[in-house]
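Turn these sequences into a full structure, and let the hints steer you where they fit.
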Amino acid sequence: MSERPEGTRQEPRIVPERDTDPIAEGRLDSRPRRASNGTRRRRSRVWPLWCLTLLLIVALAGVVSFYWHERQAWQVRLSNLEARQNTLTDRLDATGSSLDASGDSLRDELDRLRSELDSSRAVIGNLENKVSELEEGTGSGSALEDLRETQDTQQTLIAAQQSSLKALESTGEDARATLSSRLESLSSRQEEQGGGLETLKQRLEELADTRQARGETLDDLQENLDDLSAQLASLSGDHEDVTNEVASIQDDLRELRQGQLALNANVEALSASQ
Numbered sequence: 001m002s003e004r005p006e007g008t009r010q011e012p013r014i015v016p017e018r019d020t021d022p023i024a025e026g027r028l029d030s031r032p033r034r035a036s037n038g039t040r041r042r043r044s045r046v047w048p049l050w051c052l053t054l055l056l057i058v059a060l061a062g063v064v065s066f067y068w069h070e071r072q073a074w075q076v077r078l079s080n081l082e083a084r085q086n087t088l089t090d091r092l093d094a095t096g097s098s099l100d101a102s103g104d105s106l107r108d109e110l111d112r113l114r115s116e117l118d119s120s121r122a123v124i125g126n127l128e129n130k131v132s133e134l135e136e137g138t139g140s141g142s143a144l145e146d147l148r149e150t151q152d153t154q155q156t157l158i159a160a161q162q163s164s165l166k167a168l169e170s171t172g173e174d175a176r177a178t179l180s181s182r183l184e185s186l187s188s189r190q191e192e193q194g195g196g197l198e199t200l201k202q203r204l205e206e207l208a209d210t211r212q213a214r215g216e217t218l219d220d221l222q223e224n225l226d227d228l229s230a231q232l233a234s235l236s237g238d239h240e241d242v243t244n245e246v247a248s249i250q251d252d253l254r255e256l257r258q259g260q261l262a263l264n265a266n267v268e269a270l271s272a273s274q
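Following the UniProt record's numbering, the numbering of the sequence shown begins with 1 at its first residue and continues without gaps.
In short, the hints are calculated from the structure, not lab data.
Please note that a few of the clues may not be correct.
[What the hints assert, rightly or not] Listed next, the in silico SDA-like pairs over lysine to any residue satisfying Cα-Cα at most 20 Å (straight line):
no., residue 1, residue 2
1, K201, E109
2, K201, D118
3, K201, E191
4, K166, D118
5, K201, D111
6, K166, S79
7, K201, R77
8, K166, E109
9, K166, T150
All of these numbers come straight from a predicted model, not from anything done at the bench.
Here it is as structure tokens:
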């Protein structure tokens, strides 16, 4: 090998700068980047858990809303039944008090008519005694006629009082029959209301049992949600770690490629110098 002069022996080497070669950059950018199998697997595992979490939240909200509306409806029905029962009880008390007052007034009227009848009978007895005395003593026809007219008047009055007494008795019987029928109807309605209240109480007990069972189910769902949240948090952390590792590996590959390009340039420069 022939020796070269000193002016041509140490020529400056041309080293391409990093990230300045357009051809290398075009080659790097034109290569498709493929995600690793671990990244695709972790991304495919995350979205079903999110969907399951959303479905569990929607189911939980639906169960709570259904129970709330059903509880409100049964409370309204119970308050209506209690109001109707209170109204019937008040009406029954008012009817009983009014019937008691009517019965007392009828009894007073009957007692008054009986006393008047007794007094009329006493007057008639006195008149009959006077008539017999007059017939035996004086034999006066005019006095006898007057006494007979008075007796007829008293008899008419007694007949009117007896008819009034019978009318009052019939009215009292009708009032008693009406009272009995109304009391029977009120008793039957109260029994029906009592049966409705028993049914409602049983329904409320069933709702309480259902509520307890649903509460246990909700607790289980909450535990599942907590577990899923923890899994999602761990998966999110793993996904971030994998992403960081992939980014660091890509940076290392980029540096290695740039170093390889620089080495190729040096080799070409050495080849040209030789």
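Comparing the hints with the structure gives:
A C-alpha spacing of about 49 Å is found between K201 and E109, which places the hinted pair above 20 Å, so the restraint is violated. For the hint pairing K201 with D118, the CA-to-CA distance comes to about 61 Å; that exceeds 20 Å, so the pair is violated. Simply put, K201 and E191 have alpha-carbon atoms about 15 Å apart, close enough for the 20 Å limit, and the pair holds. With a C-alpha separation of about 16 Å, the suggested pair K166 and D118 falls inside the 20 Å cut-off, and the hint holds.
Restraint check for K201 and D111: not satisfied, since their Cα atoms lie roughly 51 Å apart, outside the 20 Å limit. The suggested pairing of K166 with S79 is violated, with an alpha-carbon distance near 48 Å, which exceeds 20 Å. At most 20 Å may separate the alpha-carbon atoms for a hinted pair to count; K201 and R77 meet this at roughly 11 Å. Taking the CA atoms of K166 and E109, the gap is near 12 Å; set against the 20 Å cutoff, the hint holds.
For the suggested pair K166 and T150, the alpha carbons sit about 24 Å apart, so the restraint of at most 20 Å is broken.
In summary, the structure is inconsistent with hints 1, 2, 5, 6 and 9 from the numbered list given earlier, while agreeing with the others.
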